[in-house]
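Student: The chain contents come next:
Number of protein chains: 2
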Amino acid sequence: MNVASDIESVQRSVRQARSRGLTIGLVPTMGALHAGHVSLMRAAREETDYVVVSIFVNPTQFGPAEDFDRYPRPLDSDLMTCQENRVDLVFHPDGKIIYPLGFQTFVEVKGLQDVLCGASRPGHFRGVATVVLKLFNIIQPDVAYFGQKDAQQVRIIRRMVGDLNLSVRLAVCPIVREPDGLAISSRNQYLDESQRVNARALFRGLEEVRERVLKGERDAQTIREVLASRIATTPGAELDYAAVVDADTLKPVRELKGEVLVALAVKFGATRLIDNLILTV
Amino acid sequence: MNVASDIESVQRSVRQARSRGLTIGLVPTMGALHAGHVSLMRAAREETDYVVVSIFVNPTQFGPAEDFDRYPRPLDSDLMTCQENRVDLVFHPDGKIIYPLGFQTFVEVKGLQDVLCGASRPGHFRGVATVVLKLFNIIQPDVAYFGQKDAQQVRIIRRMVGDLNLSVRLAVCPIVREPDGLAISSRNQYLDESQRVNARALFRGLEEVRERVLKGERDAQTIREVLASRIATTPGAELDYAAVVDADTLKPVRELKGEVLVALAVKFGATRLIDNLILTV
Numbered sequence: 015m016n017v018a019s020d021i022e023s024v025q026r027s028v029r030q031a032r033s034r035g036l037t038i039g040l041v042p043t044m045g046a047l048h049a050g051h052v053s054l055m056r057a058a059r060e061e062t063d064y065v066v067v068s069i070f071v072n073p074t075q076f077g078p079a080e081d082f083d084r085y086p087r088p089l090d091s092d093l094m095t096c097q098e099n100r101v102d103l104v105f106h107p108d109g110k111i112i113y114p115l116g117f118q119t120f121v122e123v124k125g126l127q128d129v130l131c132g133a134s135r136p137g138h139f140r141g142v143a144t145v146v147l148k149l150f151n152i153i154q155p156d157v158a159y160f161g162q163k164d165a166q167q168v169r170i171i172r173r174m175v176g177d178l179n180l181s182v183r184l185a186v187c188p189i190v191r192e193p194d195g196l197a198i199s200s201r202n203q204y205l206d207e208s209q210r211v212n213a214r215a216l217f218r219g220l221e222e223v224r225e226r227v228l229k230g231e232r233d234a235q236t237i238r239e240v241l242a243s244r245i246a247t248t249p250g251a252e253l254d255y256a257a258v259v260d261a262d263t264l265k266p267v268r269e270l271k272g273e274v275l276v277a278l279a280v281k282f283g284a285t286r287l288i289d290n291l292i293l294t295v
Numbered sequence: 015m016n017v018a019s020d021i022e023s024v025q026r027s028v029r030q031a032r033s034r035g036l037t038i039g040l041v042p043t044m045g046a047l048h049a050g051h052v053s054l055m056r057a058a059r060e061e062t063d064y065v066v067v068s069i070f071v072n073p074t075q076f077g078p079a080e081d082f083d084r085y086p087r088p089l090d091s092d093l094m095t096c097q098e099n100r101v102d103l104v105f106h107p108d109g110k111i112i113y114p115l116g117f118q119t120f121v122e123v124k125g126l127q128d129v130l131c132g133a134s135r136p137g138h139f140r141g142v143a144t145v146v147l148k149l150f151n152i153i154q155p156d157v158a159y160f161g162q163k164d165a166q167q168v169r170i171i172r173r174m175v176g177d178l179n180l181s182v183r184l185a186v187c188p189i190v191r192e193p194d195g196l197a198i199s200s201r202n203q204y205l206d207e208s209q210r211v212n213a214r215a216l217f218r219g220l221e222e223v224r225e226r227v228l229k230g231e232r233d234a235q236t237i238r239e240v241l242a243s244r245i246a247t248t249p250g251a252e253l254d255y256a257a258v259v260d261a262d263t264l265k266p267v268r269e270l271k272g273e274v275l276v277a278l279a280v281k282f283g284a285t286r287l288i289d290n291l292i293l294t295v
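As you go down the protein sequences, you meet chains A and B in turn.
Using the numbering used here, the first residue of the first sequence is number 15, and each one after it goes up by one.
Using the numbering used here, the first residue of the second sequence is number 15, and each one after it goes up by one.
A portion of the hints provided could be inaccurate.
Chain copies aren't distinguished; within one or between two, either way the pair holds.
The list that follows gives simulated cross-link-like pairs (lysine-lysine, DSS-like), each with its CA atoms no further than 30 angstroms apart [claimed, not checked]: (1) K124 / K229; (2) K124 / K265; (3) K271 / K229; (4) K229 / K110; (5) K110 / K271; (6) K271 / K163; (7) K163 / K281.
Read the hints as simulated data drawn from the structure, not as lab findings.
For clarity, every value in this text was computed on a predicted model and none was experimentally measured.
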């Protein structure tokens, strides 16, 4: 496994792989690799010939009051995870490589970026879109792998890829969960013991939604209230949003019809967790 | 010469050229081709193997009160110009190909986009950067050709290329002028006879600046005043800006030092003309 921290080395390695006729898979991450990331690496390993994992805690997607500084950076164990999963190349640049002095170009996906998580985290998706575009340009992967847990991110990147005529194909992998249903996230480690137990409420709320819809519920507002009241009765939980939106436009729907995204964000103290469910009605 | 109006055909032709080992040159234009564009085509013809000219009047770079509708679109004569200059491929898409329904991704180069022409034309450079990025992604040229007349556009695109890790090389060609010095522009045809005569004031002002600087003038404000007073005494001319800025940051300078951009924009009725001069002091 190669580990590169500068753009030239990464491009040299990728060019060599490509000149051998290999297809390139990219798994962009912020490190703190967990079972969710591993599922992406495995998909990449299965579907492409040369697997690149980028590890970069991207400052432009954190707000000034967010957890950029304390975001976990367990590099040694991350590299071990990559090695175990037969990754070919890890790209681990520092901030100055990605954002050199004078950097001032940003990509924005209007509309999609300002709702749901974007409403609570202004500038977040601008940072995400910009760094992902840069990684696509640096590595030029055939396929890039993202987790469905970040449903809005996936939607935005898909829009960007289409709008900017990028040639990369996106592969979206299902949410990986703890045995009790909690969606795996690098931020779960911020939770204390009781928060960790109460954090089950997100998945349980989504499971209740799924059952209600199976039984015929089609009213979006009822679904939102199911989620909101579940969170309201969960100790230490504060609802950021409970949304039922069109999966394509991310605009609120009144009635469940077609492909719908049910998503929620909940704060436990300073820790913000998200989870979601795609329903085809 | 091939003429293609859809993305797939363009990409097929470019891919074929590349598979024959040819280098790709791109000249992005809005049509109404003139001697300035021809100089770009010639440079591309000389330096690259397969020359692509795009002709697209880009709606997102026009303000609501600007001349998008009446911008000249002499397609037949443009194609003839391309043919005469041994262009290999003309990409001439319509608006829906470049901006399909639901398009919402934009690139912005903060700071550089809001000064000079950007101050009078809000959103202009966002539209330019976005369409140029799309053309780069569609065509993936080795070299792209731009005219120095649009100095700020060149600066912004250079910044975007660096910031987004694009692999295209930019080639910037000198301003092409009429015998009396007027910088050639598709918009010159909007001028009536007396405006056309008076439009010489831009170049004459810049020539006066060059002489003053040769003779030792280093005060930027004096230079601005030279330009402003020349325009003030020109019948029918209204100064939009007369700027002396750092060629890299586009920020105003007090003293001429290093590489400096002297630029002006002048309105004759509804027609806005620009011209500039790079000085290395």
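Student: A separate judgement is required for each hint: does it hold in the structure or not?
Tutor: To see whether the hints hold, each was checked on the structure:
Neither within a single protomer nor between protomers do K124 and K229 lie at most 30 angstroms apart by alpha-carbon distance, with minima of 36 angstroms and 51 angstroms respectively. In this assembly of identical chains, the alpha carbons of K124 and K265 lie at most 30 angstroms apart whether taken from the same copy (13 angstroms) or from different copies (28 angstroms). With identical chains, the CA atoms of K271 and K229 are at most 30 angstroms apart within one copy only, with a shortest distance of 15 angstroms there and 75 angstroms across copies. In the homo-oligomer, the alpha carbons of K229 and K110 never lie at most 30 angstroms apart, since the shortest distance is 53 angstroms inside one protomer and 42 angstroms across protomers.
When the C-alpha separation of K110 and K271 is checked against a cutoff of 30 angstroms, the pair qualifies only between copies, where the shortest distance is 28 angstroms, while the shortest distance within a copy is 46 angstroms. In the homo-oligomer, the alpha carbons of K271 and K163 lie at most 30 angstroms apart inside one protomer (21 angstroms), although the nearest pairing across protomers, at 53 angstroms, exceeds that limit. For the homomeric pair K163 and K281, the shortest alpha-carbon distance inside one copy (16 angstroms) is at most 30 angstroms, but the shortest distance between copies (53 angstroms) is not.
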